[in-house]
Amino acid sequence: MAHKSISHEPEEGHVNLTPMIDVTFQLIIFFMLVSELTNMAFVPVTLPLAPHAQKKPQEQIDPNSELIISIDELDRISFGRADIIEGEGQELLENLVKRLRIEAELRDELWSDNPEGGGRVSELQVFIRCDRGVTSEKFLYCMFACNQVPIYKVNVATKKKLMK
Amino acid sequence: MSRKKKQNSEEIQELQLTSMIDVVFQLLVFFLCATKFPDPEALLKSWLPRNQGLRASQPTQLELEDARLVLRADGKDKITCQRPDLQSPTGFRPFTQMVTNDLFTNQKESIPNWNQVEGYLVGAKKNFSEVGEGTKGLPVIIDFDKHVKFKYVSKVLDICAKLNITNIQIAAPELKKFTEEMGG
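Chains G and R, in that order, give the protein sequences. Going left to right, the first sequence walks through residues 1 to 164 as the working numbering numbers them. Going left to right, the second sequence walks through residues 1 to 184 as the working numbering numbers them.
These aren't lab readings, by the way, just hints derived from the structure by calculation. Built from N, CA and C at the ideal position, the CB exists for glycine as well. Don't take each hint at face value.
Claimed, not checked - Covered stretches of chain G (chain R as the covering partner; in silico rule of three or more C-beta atoms under 8 Å from a C-beta of chain R):
(1) 21 to 35
(2) 97 to 109
(3) 122 to 133
Kindly produce the complete structure, drawing on both the sequences and the hints.
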């Protein structure tokens, strides 16, 4: 009888940590991936505010048909994250046109005859991400270069609202 | 001896998870703090005109059927905006200035009254509709020099987007002159 009473003593409580560990690992994987994506984004620039700009329709644009040019706060023009276009004045313009031509030629299927006559045009969409604080000089260079390729679909990247 | 061995083998084998959970939480807190989500971006469409090439920024003759905004930087923190006015000796009339603080840097800046700029474009659009020429809508020419900060150019583009004006042209200086000035 005494033996029986010992066996009914309350056992030490154990918290089942397995689901919590599962969830925590899921969270870690999520944050690792998101952090990586953020790091792989383009040159960080402070975009100008434009509350009436269109939302960028990410699902509609084929990534192959768009090209992003960034102009950072140090007034440098770059493709992607660190591909800075060197030069000043005429040299810079020539380098820009050369690079844009290469990008346009790589997307061969985007070239079409200009419906209004005058040769072929590239349907490549260029997004210019220009820092709000810099002068518009380099922005003008980009416009000149697009015109010379010729690429006519140029978009200006903005922010719809202030995010602090 | 054999009894003792049996007791040991019956003990439940448990993994010591505490230290792993500690590390996992450290990692989680790190990523929570370090992650910066990318801000959503929007776009202002500014299709370049086809087959028009590059034109000089100062046409010899003012064309009244389009709206023209001339942005000029006057010092570091002052920007002026003018519109064509044939009665003015210079051919242009400035919009009134207002002093405000920059949203990001909080620095004082003298900028044109954007409400007046919008009012001018609304009026021009209304008049243009009455004439009913063309199908692309009111042509708006934005003429800015290289010293004008980009945020003001985008502000004008934003006003055009608000008014649903899509026929926007950017008046650029002559290419050769521009690149020579920039040290090419």
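Evaluation of the provided hints:
no., hint, result
1, 21 to 35, "holds (count 9)"
2, 97 to 109, "violated (count 0)"
3, 122 to 133, "holds (count 6)"
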